[in-house]
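**Student:** Sequence:
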Amino acid sequence: MISALLFDFDGTLVHTAPGILAGFRIALNTAGVTAVEAIDERVIGPPLMTTLRRLTGLDSAPELDRLATLFKATYDTAGVLEAEPYDGLADVLRALDEAKRRAFVVTNKRLAPARVIAARLGILPHLKGLYSLDSFTPPAPRKAVVVERLLHEHGIDAATGVMVGDSVEDAAAAAANGLRFIAATYGYGTPLLFQGAAPVASLDRLADLPDLLRQLD
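Numbering (our numbering) for the sequence shown: 75 to 291.
Any given hint might turn out to be false.
[To be verified] Now the in silico label distances, taken between C-beta atoms and shown as ranges:
1) Asp150 / Phe210: 17 to 23 Å
2) Leu132 / Gln289: 30 to 36 Å
3) Leu195 / Ser77: 23 to 29 Å
4) Gly196 / Arg279: 15 to 21 Å
5) Pro92 / Ala233: 27 to 33 Å
6) Leu290 / Ala109: 24 to 30 Å
By construction, these hints were calculated from the structure, which means they are not laboratory data. Cβ coordinates follow ideal geometry from the N, Cα and C atoms, glycine included.
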């Protein structure tokens, strides 16, 4: 039986794109920096500094730090309020509770805004843990390391766990830790990204997760 689920956050449990993309646009416009690629859902997922490098092509730490500060000023106050749960989230979380399946979040999002959103949308009470790269000092270098530490801290046997996410990094983090992976195809990734990622299943709607888990048990 699947007893533990590790969820990505953005693009898996919560639709956060409007606030995130607005934050990037405002930060770059304020700094007078031109984006070198489109600011759209495809850039959502990696850590903040990684995405700023990708969007700007900059390597200068002071410039990137300034952009990060500008992004946080907008996103951490207004952007977090634009996040919305995917359809069926409340029912899914209740179903997991009733089935005694433990739910965790593992995200590249900074811990502070992730907790604000999870609390505002009523997600936090259903979680056994919410982990980000900056949950640790020093910060974890990548999501796979966060997953490894989570499994150890909570005594989770990888054979009883599943990771649900919308990115290749989510799939890689699952594989690195011996977890099965469910591809959230409704999120910000595309089905093509999952070719070669070997998900055990694809999830086209979050609301379908409880039925899918029963099939995989």
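**Student:** With reference to the structure, classify each hint as holding or not holding.
**Tutor:** For each hint, the structure was consulted:
1. Asp150 / Phe210: 17 to 23 Å: Hint holds: Cβ distance 20 Å, inside 17 to 23 Å.
2. Leu132 / Gln289: 30 to 36 Å: violated (46 Å)
3. Leu195 / Ser77: 23 to 29 Å: holds (24 Å)
4. Gly196 / Arg279: 15 to 21 Å: At 20 Å between Cβs, range holds.
5. Pro92 / Ala233: 27 to 33 Å: violated (38 Å)
6. Leu290 / Ala109: 24 to 30 Å: Taking Cβ atoms as reference, leucine 290 and alanine 109 lie about 40 Å apart, which means the hint is violated.
In this structure, the hints that do not hold are numbers 2, 5 and 6, in rising order.
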